[in-house]
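Peer 1: Next come the chains, spelled out residue by residue.
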Amino acid sequence: MSTAETTWISGPVLRARPDGAFRLRESVTVGDQALLGEVIRIARDEITVQLYEDTSGLRPGIEVTGSGRLLSIRLGPAILAGIFDGLLRPIADIADPYVKPGMQVQPARRFHFTPSVCVGDTLMPGAAIGEVANGTGIAQRCLVPADLSGGRVTAIADPGEYPDDQPICWIDAADGRNLAIAMTHEWPVRVPRPVQARLPSDEPMLTGQRVIDCLFPVARGGTGAIPGGFGTGKTVLLETVGKWCNADVIVYVGCGERGNEMAGLLAEFSELEDPRSGRPLLERTVVIANTSNMPVSAREASIYTGITVAEYFRDQGMNVTLMADSTSRWAEALREVSGRLGELPGEAGYPAYLSSRLADFYERAARVRTLGGEIGSVTLLGAVSPPSGDFSEPVTTHTRRYVGSLWGLDAKRAQARFYPAIHPLQSYSLVAGNLARWWHTAGCTRWQELRRRFLTLLEDEARLERMARIIGRDAMPARQRLVLICAQLVNECFLRQSAYSMNDRYASPSRQAVMMRLIGSFIEGSERLLDAGVAPEAIRDQPVFRRLMRMGEEIEEGDWEAFSALDQELTATIRRLINEAREGGGG
Amino acid sequence: MTYARLVGEEIANRAEGPLLFLSRSLDVGLNEAVEVEGADGSVRLGRIAALDEDSITVEMLDDTAGLALQGTRVRFFGEPLRFHVGPGLLGRVFNGIGKPLDGGPPLAAEHAYRVDGLPIKPTAREAPSEFLETGFTAIDLMNSLVRGQKLPLFSGGGLPHDRIAVDIACNARLPGDTQEAEGFAIVFAGIGIPHDSAEFFREEMEKSGALARTVLFLNLASDSSAQRLLAPRFALTAAEYLAFVEGMHVLVILTDLTNYCEALREVSASRGEVPSRKGYPGYMYSDLATLYERAGRIRGKPGSVTQVPILTMPNDDITHPIPDLTGYITEGQIVLDRDLHRRDIYPPIRLLPSLSRLMKDGIGKGRTHADHPALAAQLYASYSQAQQTRVLAGVVGEDGLSEDDRKLLIFGDNFEQKVIHQGVDARTLEESLAAGWSALRGLPAGELHRLDDRQIREHLLDRAPRREPVS
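Residue numbers (the working numbering), protein chains in the order written: chain A, 62 to 648; chain B, 761 to 1231.
Be aware that a few hints might be false.
Stated by the list, open to error - List time: in silico DMTMM-like cross-link candidates among lysine to aspartate or glutamate, alpha-carbon distance up to 25 Å:
{"hint": "1", "chain 1": "B", "residue 1": "K859", "chain 2": "B", "residue 2": "D956"}
{"hint": "2", "chain 1": "B", "residue 1": "K1038", "chain 2": "A", "residue 2": "E329"}
{"hint": "3", "chain 1": "A", "residue 1": "K161", "chain 2": "B", "residue 2": "D787"}
{"hint": "4", "chain 1": "B", "residue 1": "K1167", "chain 2": "A", "residue 2": "E329"}
{"hint": "5", "chain 1": "B", "residue 1": "K1120", "chain 2": "A", "residue 2": "E329"}
Keep in mind that the hints were calculated from the coordinates and are not lab data.
Excised from the complex, chain B in its bound form (with noise of 0.2 Å):
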């Protein structure tokens, strides 16, 4: 931190959960950052949500318990919250407010950003258009993520979102020579996870040596909640730097949203704010939206920023305010299936609402596959076909279907078990593809509205095992 710029002795009046209130006699400004300094000497971090004429309001980012407001001293930063940040940020391990967890030497601080950062100005954006592999072919078949884009997992309690989570950290990768030529790194961010999950993440990516492409940030359960509000913009302003400063391509992995948001409703709750849907606060749109938004490239710079947002929907519900917010921000979702999880298909993407809006953007001629737009479009049709035929199934039988619904039902279950279960292995985007042609084999070709001749001859008709070449 920064030289206070003014310190106040003896102006705390009140103090209510989160919130601390001051006697305004200081010359402050909203949104500046405070240190509290107890009698007993302790030291929490603030910051200044609301101001009038007679006193200041402090969020206080550090747990309360134990503040006396005799003896207290404030100290006025004079500025926003600011993240200090410099060379040897990869490897290492932070709590929500970014100190050191690792028992490292502090960072070299060679920058110090605003942790809420600048909204990007549209006309400076590079629109999004470079594939990323993450490993899964539900995603990079049929979903396909490019550099710069947010898509979100929405998963629910007790799915395997942790280990999917980890699973993309540890084995995304840039296609061809890319990643050693530009660099490629991960920065994750627990946001009010269990202890456990946490030292899992930890040990996970220690194991599989992700982690020294990595920078962690772990804000646990047992953490305040106005810290949990922080810890995603701690690891964004880290994300940020490394892209936009070291010219990185960076992926950040932010589980689990669903806490941010409960503890957005907690503050606002103690703020007395009039509440929205739920209860959850009316500007939690713009607010998940200064967090989502920091995806992205910036036209004339090297680096990208990627976010693979996890959140779990309360009770599965996709309507919920927090999948719902969202989804109408990220640029499509990819969502879990219990149904598919209990089958023991890995990972449990349930396709047909899952959705990746820059998809078209990043794949097809020059990008991955010439053919892969109309291979994943037939596969998406066909899908959709072979769920209606099972429900007809379900009440008529199967004996009282056609023989090509038959074929269809067929289809589906193939496709579950052979391209969208995958196991523990990653594939790559060929082995993706390849899965996908075969699948569509049982078809009849006729049927096939969405592929051309000369897709269905090539890659249907002529049975001789191939590999895609990728262009």
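If we strip away everything but chain A, and leave its shape as in the complex, we get (with noise of 0.2 Å):
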């Protein structure tokens, strides 16, 4: 193994004289209590390494040493249901409150294993080689690594259980090696896992929130960003999705962001239940915590690993979505180490190549038929922080260019406590149209009529409550004036969501859609009495609005009847106007 002598150190980057070769991105240890690096940049006589770790007490004449590969994780039945730092090293032992350098990785684990293979079976890369229990209800598979040439099994174990570091088959490779294949594996963290093919995808992510699923959805395997000011709810926004997304899998990864709110992750995820299992959401998660005050390097680190964590759940046929809080602190992590290598600084200081390691992040999301040929899929949602809430910094332009859906957050919006904040004017979804046939399938034949019709009222909104200010909104014409009060309808009952409330934290797709045409109804209704002479504000002062206007909040999901009612009441109530109007019209 190569070594390496310490001649400068400034944070977290160091400089070092090899003796023998080391490789770029290869992982290094540092001194006594093997801080773990990786090696940034390499010159004949000098190596520069970026530390995971807080460095303090290091000094020149200090040993680095290579491990011969590439920064790599650990990939295995052990990661589900845990909490990890940057670089998959488990943080769960609170026998020590505090983070300290050098902590080692996970000892190894006992699984039950039960082979789905016999001797003699040909296997190729990615195939499964048999299931494996965690005790968490989601069964996972043992896969042939991706980066092994596949053969012929000549040994397999019996089912039982088994160290999830040793071996439990052995295949005869075709090149005539006979290689040994345990419950875990390492992967470099930089490189993508391979697939088959990357398929198209028609299918929405559903989240349970009614603004994105109906408005902005996100397709599986597609990617999301929301960017938007400090305070405007994107780490709640991100985690009431984390909560009701059907996805089989979530990847949280905190990056850079506060402490208590991965520990309130932590509680509300042990205590709520995933609604399709019954059985706790967190078992159905990796949390990879780096927060804000955790060594600044890891925090770039950790966006890979955790989309390398993604893609190996992905390669067992499931659909996973990982979500990255926040993409803009891993932008910074990076803006900090270049500036310690005396980088050419591009725009706002961030290095030049900052757009192309975003596009690299983003491409791999995908849908997929996998090596093994099952179908998975990662979906990526990014929330982005621009520094004063502006839009039109780096890294919100570059995400912008990448992303399938976009949920820009609304300060405004967010100051009058109205969430999601997610402006409609301001977000966008270039999925919707592929979606709409899922949409039609499930029941909603008219999805795709009333968000063009939602959208377009949301639009007129706006522009109307422009004029409002400058001419009062009494002097205008009755039609704008019920323009206005549909789009109250649509923004108060209908986009905001209290992700606090127990009946409106999640909307199943038949609830949105009941919610959708019911509104539909009202605006449809409510022009055919301003045809007939009845005033907006007539209508608005009907019982029945209220009731609309309350319904996410009062009728619970699955409360189908309630919503007939109220659907009954709102044509009776309409019937009614209509021939008090033609009365009084004829009296």
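Could you use the hints to bring the two separately framed chains together as a complex?
Peer 2: See the structure below:
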């Protein structure tokens, strides 16, 4: 193994004089504490290392030892339901409540393995060799690692419990070598895991949030970004999606964010039940926590660690959603290390390669056919924290170029405590057209039509609000006043959805469809009333309007009778008002 | 200080601003503490900021005026800066690097903690969920503070943040009998403050008797910049000792973080680092995080560290890097407003941009009052509407408004005068809740979409004055 002698240290970066060969992106350990680092620059007589730990006490002369392999993480059944730092080292042991340098890897754990192949079978890379149970209710598969060549099985373990780092299957490779496969394997974090083919995504990743699912949906294997200044609710939105989205596994990367938030997330996820399986949400979650006060360079690596973990589960045929909160902190970590290396800064001090790094990251989202022939997907959602809430800054503008859905958070809405504060005019979804068929098949035949209707209404509202500010609301023609009332209903009842309300925190596709249809009926009905000469305010003052406004809050999931009662009340009210208008007009 | 591990003589080569450059003849590590003794016998504290094969860069924490290179001895301690703390901390006054200023005896040094602290593992944190009363309605009712939270005050030059800081320090209390049972303490750090403010803090706290439960750290505007970077770290180390060793609930008030960030920029510039936004170093986010993230609770330990950092927004600009980066780290913010201040509303808290992220976990049934969340949400929604109506009234005139809009205007004024404004007297949470309900009574009940029918019936339609029991 190669070694090097440290000559210079500044913060998390050190330079060393090498003795032997080092590779770019090779992982190294430094000093007696075995601090973990990665080689980020090499020259004949000097290597530059980025350290993933606190560097207090390091001094020139300390030895750097190469590992011979790229910066890798150990993937295996122990990951699910776990909590790790940015380099997938466990931090669940709380006997010592503080993060200290030189934490070592997780010790081997025992899992129950059930083989699905026999001696003599021929396996390709990525093929399943058996199932592993880790007590979470989610059956995991053990695969032939994609970087091994396939071959014929020469021995396979019987069903039973085995340590996850010991071989359980042996194969004779095509090149004549005998390979041993364990339940865990190492994979370099910056190398995407191979797949057979990328598939088009025509199925939505449902989040249970109306404004996302109905107005700005994201597809399985798609990408979404949530830009928003501080206090606009990025984290709460990401956590809410994490709780209710219909993914098999959630990878939550807390990248440079708050420690208390991570603690809150852990507490909540272990209490809440997955609506589909009835088991604690934490059991389908992997948390990668690198809070803002943990070492900066590990923040940079945590994004790659997260996506590699997500791909690992995807390769087992699962639908995975990765949330990165926040990609801006990751970009800042890039900037900080780049600054210490003395690289030429680009826009706003970020290195010139910021854009290509972001592209690399979002490109790893996909719906795929895995090497083993399964269908799996990784959906990526990234929060963006633009400085001073200004969406024209580099991280937001570059992110915009690569994502399929954008949910722009609005400070005004957040200040009025209107959550989720997604601004309908600053958001988009490029995949809504592809997903219309899914909604049609799911029974919501008017999804696309109503979606357009709502969006047009909201756009008209923005224009009319500007006018109302000049001439006053009462001076506007009745039709325009009605637009404002209908838009109020869409905003307050449909787009606003409290993450803390027991009834409304999650809306199933059927409930969303019913609410959409009811609001559609109100809009159409009130237009008929307007034609019959009823003033918009008279429509608004009907008790049914308040019932509609509060239906998300008051009618719980699955209570279809309450919805149809409301529907009947609405129809009756409209009929009554029309009759009254006719009689009034006739008399 | 512990004994020096190594002593270097005649190794100083160059002094520049707060930095001292030494030749590297000794084996020392990054971040270690040093003591520099001048030829005249004066002793100054410093720490190792950078190292290469030939030289050591020392950041001096005391004023370097009068320092000579000849005859200077440097003592190395072989470990990072530590604060020696022990019982008897309460009631004491220190300077920014933990030396007593009150003429009292040195502390009984039972423990020595690294002033930089260590990051708490997210898994070891207890999610904050217990209410802490500050005495201000705009905070307790509308943006509740919970134990273990960090909630900064964004102020501006000329606004009464000093007064608010002192009021919070004097009036803050834990609800019920928790205070007596578990203990409550204040750690107050003045960072780069003028002499007059320092005296004001000390006197006011002495007068109200709060000093006895307070540890005061005073770093004056005339102290060195590098020392300014340490003042909050010493204060937080004391707070962590009180919270996690003595088991108390500690409220840390840090003022003014803007001075801290200015010092950070100054020291960074003298080290020749590449500047980022507005000349502040690129690592300012991470550096501020190492302070703010020291708030919290640890599972299995009784105490808590709650932070109220105060900063003045340069030119009242909330998008300036200092408030901006702070807002991204802290759990909300309380924003002061010049317009309210001019109208003599105290505390002049501008509610719309203010926010407490952890409020939802600390209020409601079993914590404060079952209807507290709905009340706060409704007040926010109505006040925000009232503000929009004000803009409208400014254009079309009040006569052009509908009756409902006029009611909103009256509500808005009432809300500012009777709920936000409270003058010098602290309010209990019960009084704050009652003030909130009474402000809503002038609005048409049909417009209150954030309240359910029962809440409207119980609190608004039944006009008999009532006391809110705290469940």
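Peer 1: Are the hints correct? Go through all of them and say.
Peer 2: A quick look at each hint next to the structure:
1. B:K859 to B:D956: holds, 20 Å
2. B:K1038 to A:E329: Roughly 39 Å between the alpha carbons, so the hint for K1038 (chain B) and E329 (chain A) is violated.
3. A:K161 to B:D787: holds, 23 Å
4. B:K1167 to A:E329: Between K1167 (chain B) and E329 (chain A) the Cα gap is close to 41 Å, so the pair fails against 25 Å, i.e. violated.
5. B:K1120 to A:E329: holds, 13 Å
Against the hints set out earlier in the document, violations occur for numbers 2 and 4.
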